[in-house]
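Number of protein chains: 2
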Amino acid sequence: MPAFPAMPTRAGAGAAVAGAAVVAVLSATLVLYGPPLDAVLNRAFPLHTARSVTDMEAALQLVRNVVPPLAACKHKGQAGRIGVVGGCPEYTGAPYFAAISALKVGADLSHVFSTQDAAAVIKSYSPELIVHPVLDSPSAVQDVEKWLPRLHALVVGPGLGRDDVLLENVKGILEASKARGMPVVIDADGLWLVAQQPALIQGYRKAVLTPNHVEFSRLAEAVLGDPLDGGDRSRAVLRLSRALGNVTVVQKGEQDVISDGEQALTCSQEGSGRRCGGQGDLLSGSLGVLAHWALLAGPEKTSGSSPLLVAAFGACALTRQCARQAFQKHGRATTTTDMIREIGPAFSRLFETSAGADGGVAPTGELCL
Amino acid sequence: MPAFPAMPTRAGAGAAVAGAAVVAVLSATLVLYGPPLDAVLNRAFPLHTARSVTDMEAALQLVRNVVPPLAACKHKGQAGRIGVVGGCPEYTGAPYFAAISALKVGADLSHVFSTQDAAAVIKSYSPELIVHPVLDSPSAVQDVEKWLPRLHALVVGPGLGRDDVLLENVKGILEASKARGMPVVIDADGLWLVAQQPALIQGYRKAVLTPNHVEFSRLAEAVLGDPLDGGDRSRAVLRLSRALGNVTVVQKGEQDVISDGEQALTCSQEGSGRRCGGQGDLLSGSLGVLAHWALLAGPEKTSGSSPLLVAAFGACALTRQCARQAFQKHGRATTTTDMIREIGPAFSRLFETSAGADGGVAPTGELCL
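Protein chains in written order, with the UniProt record's numbering: chain A, 1 to 369; chain B, 1 to 369.
Hints should not be assumed to be uniformly reliable.
FRET-style restraints, in silico, Cβ to Cβ [what the hints assert, rightly or not]: (1) B:181 x A:276: 53 to 63 Å; (2) A:172 x B:213: 26 to 36 Å; (3) A:116 x B:126: 19 to 29 Å; (4) B:126 x A:180: 29 to 39 Å; (5) B:270 x A:57: 26 to 36 Å; (6) B:227 x A:149: 12 to 22 Å; (7) B:328 x A:329: 20 to 30 Å; (8) A:178 x B:203: 49 to 59 Å.
Worth flagging that the hints you see were computed from the coordinates, not collected in a lab. Remember, predicted model here, so these are calculated numbers, not experimental data. Just so you know, even glycine gets a beta-carbon here, dropped at the ideal spot from N, CA and C.
With the rest of the complex left out, here is chain A (with noise of 0.2 Å):
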């Protein structure tokens, strides 16, 4: 068994408890790629085999632990500049989704990188979006690519659509983000891509993808020649993030799964019944900010647990929360703009400390630094 790290907090209150069951829940830490699947899939668990509801507390710490505070002295883009790839003639509400969810998440600056199109219609959905309409430009990658230093991360692929010509200009951009370094989301139809050719993604351990069923089916398949869709589904998670270099995959179902190939994670945070569209842009846009906070926080903040794996449980455990207080409004009529509608307070539930919630300002000092 590995020795941990102190987990590091910046909430005072429940730290303690909190992380006695840190330990429990996320001490599973695998030597990569060393005992077989089989014999760690048999420690890999606890929380998948409990589910327990101070299980989930204790994950739900690791991602407080990495939300920034915020602070006076800070200047505009500095809690997160979030870049959406997506929107074409079909499809213009998955990227307003994704892009408004990383806003009131908390990101400062929420662009979107969309075909000509779909831009205008995009922006008039809302005011506080920043729309480029270059993706279906011959010049899309450059006009992408020259946006990249001023971003945290990118999410690719909500309302892409499968035009040849869109593909390639994302794979080019998917390129031009790696060799930045810069953290990626892949989602709908941008794993569509990856599954025609996973080697655009394999082994960039910053890139998080977030199938739903037929999605991991079609990428099990194309990466391991078989859809895994039966049996257990913490193993096929693990396994198709292992196959594909660690990249950290988010299986979406009846309970979301998380694996970065060497802990797997389950989300049973109570969400909803419901399966409107759109609910997948939400997690992925909420992703993006989380990323760049994980990221920037590093390990030291999450328990030595992956940054990825528990930005990935804060999105999808934010996702269900919104679901879940989006029903208890709507019922049956519950659309995803109802569910973004309860970021902020779903948000301030699970992962406000007292400090982020008192005004809004916490003290500065080291915090402006």
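The hints should help you fit chain B onto chain A, whose structure is shown.
Coordinates of chain B only, in the frame set by chain A:
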């Protein structure tokens, strides 16, 4: 110590108390360019050093003095017709935020001059705005110029971008506005233009620049060969303002520092730690209206201080109060749209006298002359 005129007020109650404090706050009017900067600075910042509730209240009282009472006899347009120059293929939210903020502060009409593509999108955000799709037209300068006689103030820069053709057009628009003696608030990429060509506004005392940290450094580097990014912020802002020939400079930050090269004020109204994009547009749009009102009221209403200094203080205080109120409701999920919803209540709380708050219509008579 120069003599000060008695502070004229239209608010009966509280005026006497506030009057004494105003003298304490603003009695540091300096002989123009007279004493060396250091000697001046030692006397110039009672507010900067004090930052007391009393001093803030005294400065807010000066803003109240310039807010025109509403009266049943007034006609459409008399409370202000504001123009915003900005909006391009990438940016459409910023000019909307500025223009709608001007309306919500109390302007009667709010115009936007944007590029053709951006105009339809900006219109879609709100039927309240008049949006002219002219900024990328070959006749852009003339197209805007013919509207200038019908406008009271111009806000230049929100969502402008850095396209050379647009910047050249904006240069022409600025020249035309100066020729008419119009107050001009310059923000965002309007400041980028000024940093390239400081002569554009050099010595134009009806200009107000509203740089954030990065924009301020760029301007200071261009004008003084020194980014002035360390040490005493009040001194830095005063220096830049002086070097520009007493153009009013508002350096936004943890506290907002304002100078017209003669005085410096610090606005420490409580805001929030949220730094989402668009807050600066709320400030510039509000400032467009307040600048018009303050110049109309004249220095006899501002205890001898520069009307634009007082207007800028008012816009800063209002923006921060909106941020605070929105944050109390929405926490980290706060966006600029949430802040704009707070303009009415925040303005009322900070600036409305009982006459203005009581049904909105003051007694007629001299108000209608």
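Unsatisfied constraints (hint numbers, rising): none
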